[in-house]
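> Using the hints provided, position chain B relative to the given structure of chain A.
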Amino acid sequence: MSRKYLISFVLAALVAAAAIGVAASRAQGSTPLPSISPAGLLAKVAAAAKSPVPVSGNVAWTNGLIPGSDVASLLGGQGSAPNSLAGLAMGGSGRLWVQPGDGARLEVQGNGSDFIVVGGKDGIWSYSSATGTAVEYSHAAGATAPSVSPRPSAAAVDPLAGITTALQRFASTGTVAVTGQQTVAGRQSYVLTITPAAGATTTFGSAQVAIDGATYVPLQVQVFAKGDTTPTLSAGFTSVSYAKNDSSLFSFTPPSGATVQHKASPSMPSATSGGAEPTPVKHAPLTLAQAQAKARSYGLTLTVPAKTAVLPFEGATVTAARGGHGASAILHYGRGFGSVVLVESTGATGPSGGLTQQLAKLPGGLLTTTTIGGAQAHELSTSLVDVIAWQRGPVTLLAGGMVPSSTLQQFVAGVR
Amino acid sequence: MKLLSRELTKLFAQKRSYVGWAGLLIVPLLMTLAIYLNGHNPHRDNGPGGVIALAAHNGLLMPVAAITLLSAFLLPLLASMVGSYQLAGEAETGTIKTWLMHSISRGGVLASKWGVAVIYVAIGLALVALGGLVAGALAFGLHAPVLLSGQTVGIGQGLWLSLLSYLYVFVGVICVLSLALLFATFTNSSLTAAIEALVVVIVMNILGAFSYFDFLKPYLFTSHLDAWQNLLSQPTDWHPIITGLTTFAIYIVTLMAAAWYQFRRKDILV
Numbered sequence: 015m016s017r018k019y020l021i022s023f024v025l026a027a028l029v030a031a032a033a034i035g036v037a038a039s040r041a042q043g044s045t046p047l048p049s050i051s052p053a054g055l056l057a058k059v060a061a062a063a064k065s066p067v068p069v070s071g072n073v074a075w076t077n078g079l080i081p082g083s084d085v086a087s088l089l090g091g092q093g094s095a096p097n098s099l100a101g102l103a104m105g106g107s108g109r110l111w112v113q114p115g116d117g118a119r120l121e122v123q124g125n126g127s128d129f130i131v132v133g134g135k136d137g138i139w140s141y142s143s144a145t146g147t148a149v150e151y152s153h154a155a156g157a158t159a160p161s162v163s164p165r166p167s168a169a170a171v172d173p174l175a176g177i178t179t180a181l182q183r184f185a186s187t188g189t190v191a192v193t194g195q196q197t198v199a200g201r202q203s204y205v206l207t208i209t210p211a212a213g214a215t216t217t218f219g220s221a222q223v224a225i226d227g228a229t230y231v232p233l234q235v236q237v238f239a240k241g242d243t244t245p246t247l248s249a250g251f252t253s254v255s256y257a258k259n260d261s262s263l264f265s266f267t268p269p270s271g272a273t274v275q276h277k278a279s280p281s282m283p284s285a286t287s288g289g290a291e292p293t294p295v296k297h298a299p300l301t302l303a304q305a306q307a308k309a310r311s312y313g314l315t316l317t318v319p320a321k322t323a324v325l326p327f328e329g330a331t332v333t334a335a336r337g338g339h340g341a342s343a344i345l346h347y348g349r350g351f352g353s354v355v356l357v358e359s360t361g362a363t364g365p366s367g368g369l370t371q372q373l374a375k376l377p378g379g380l381l382t383t384t385t386i387g388g389a390q391a392h393e394l395s396t397s398l399v400d401v402i403a404w405q406r407g408p409v410t411l412l413a414g415g416m417v418p419s420s421t422l423q424q425f426v427a428g429v430r
Numbered sequence: 028m029k030l031l032s033r034e035l036t037k038l039f040a041q042k043r044s045y046v047g048w049a050g051l052l053i054v055p056l057l058m059t060l061a062i063y064l065n066g067h068n069p070h071r072d073n074g075p076g077g078v079i080a081l082a083a084h085n086g087l088l089m090p091v092a093a094i095t096l097l098s099a100f101l102l103p104l105l106a107s108m109v110g111s112y113q114l115a116g117e118a119e120t121g122t123i124k125t126w127l128m129h130s131i132s133r134g135g136v137l138a139s140k141w142g143v144a145v146i147y148v149a150i151g152l153a154l155v156a157l158g159g160l161v162a163g164a165l166a167f168g169l170h171a172p173v174l175l176s177g178q179t180v181g182i183g184q185g186l187w188l189s190l191l192s193y194l195y196v197f198v199g200v201i202c203v204l205s206l207a208l209l210f211a212t213f214t215n216s217s218l219t220a221a222i223e224a225l226v227v228v229i230v231m232n233i234l235g236a237f238s239y240f241d242f243l244k245p246y247l248f249t250s251h252l253d254a255w256q257n258l259l260s261q262p263t264d265w266h267p268i269i270t271g272l273t274t275f276a277i278y279i280v281t282l283m284a285a286a287w288y289q290f291r292r293k294d295i296l297v
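Chains A and B, in that order, give the protein sequences.
My numbering puts the first residue of the first sequence at 15, with every later residue one more than the last.
My numbering puts the first residue of the second sequence at 28, with every later residue one more than the last.
Everything labelled a hint here was simulated from the structure, so no lab data went into it.
Residues of chain A placed beyond 12 Å of chain B at every Cβ, according to the derived structure: (1) Thr197; (2) Thr301; (3) Gly388.
Only pairs whose alpha carbons sit at most 35 Å apart, straight line, appear in this in silico DSBU-like list of lysine-lysine: (4) Lys258/A with Lys244/B; (5) Lys258/A with Lys64/A; (6) Lys240/A with Lys244/B.
Here a beta-carbon is modelled for each residue, glycine too, at the ideal position from N, C-alpha and C.
If we strip away everything but chain A, and leave its shape as in the complex, we get:
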């Protein structure tokens, strides 16, 4: 009989241990945080970003922009890790380490294989154990001397710094509010909600950023399209730690037997922050006349919207042809979330030409072909972002923004 009691005791102990475990994990971080103003919170986030702390943990991200994401992951096999940066954009989960001074590391685990991205003193690398391929990313396409080409800084792959920068930038173009508190990754966090300014014509509904109430590190970002209750884009920690990690985690040496490739740095924002918006303009923007003159000196004749266009011109940057890329110009129209970016470039390898090729690779159904102003154009329309690409003589044009398709088509029709 005593054995029966022993087993009952063991079972009761197991149930009790499980209950205590659940209760302990719920109890963590349940104390409400003091209330804070949106400006105060943004200032705290900016201050925390100036003296960053090591952050690591499990992360998960989703991408609802392209409805085929689920299908693609199904075709890729259950639980298999992606083996390229492009594969990351579809959504997934993994582990992230960010350490000031050392760099950042992302690891996506699949069934029997890992995909890692490391940015640190050895440059930016990705490694897929499924294919045994290590890829080094460098700024210029220095195929002849990869070791001499400048290495992108580790900050380029730090998603947290990217989110903090984007947060401050977007906050200035919309309405910011602290809409509550929530436990994210076991941490009591403030929820900062950014909504577009009233009257803006945009598909952007809101962005909700969960900010750790103690460390002011952004732990989760959710982007909602207008009228949607489920986020179109989301990325965040499911568990987080602020403990320092070994520096060796951020260095990378291709293992013996691996195939080593060198590639020009891809457009990082789309890969690391889940499709963040246009690259920030570093130089003082040019006026329209300056941009046209500069582009002409590079052999690029700009076609710009007529004065009656829907959105006012805001500024431009023009870059010369280099490293196999044609000359290109980026023109900004409108302010805030309803703004539209127009990219014009020569040569198929220019930024917009490259993107057109990327668009052409998308599965059928996503891309529609329309005729705008007598020219054939390709349009990619999602709930959040709309992109139209078309060709005018030697120049490839690409317009995009978080605007409804009709607004973008109207804008494109005005480009003459």
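For chain B alone, coordinates are given in the frame of chain A:
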């Protein structure tokens, strides 16, 4: 203990024990041969990738590569066979009746049956590991292994991680074995019990394969079976491993408690 040693004698006297072990041993040998020949084939494909691809450069990783293939089907199959045969097999031949007429506790009989099945699986796993290591060493040599996360560790560390992986899979397979033993207390046919256990494992695997049933995943022991692969990504995330071991422990204790309850009150009529 006396019961257990008697059971072991029986185990080593049975031909089917050796058939199962031979089956387990042949897998790492075939795998090594296939990878070796593929490496020398000018039209070679990339293979299944992952651990298996890493093993193509390093015999040290052959044991863990073998376990990725085995843990899906052959190991659960053998575990349910051995788990169910221990009890129901004796019922089939009628020997259990003679056994239980002696003044021995039924709990002791059940424990010795469970123990001998566990030892059987342990020997099987040891054979896979040694077979893989020897074949891998002959074909590719032993080098400092590259982990899934791209780091290279020492040979000692590699062997240690392989051992931990095997111990984890071992505990997972004991779940299947305990399940088969529980079913064996309900029936007098060892084949029925083995098939029942295997059906449960396959159903659990299917439930785990569809994202709709994701909410069930933490409670299915089968969805934790691959968590040992976390050992091959440094720094090791121990959380899924501990969760897996806890789940296995709860399954084993519950299944064996149920088996004990059923076996104690079972009428032996054969």
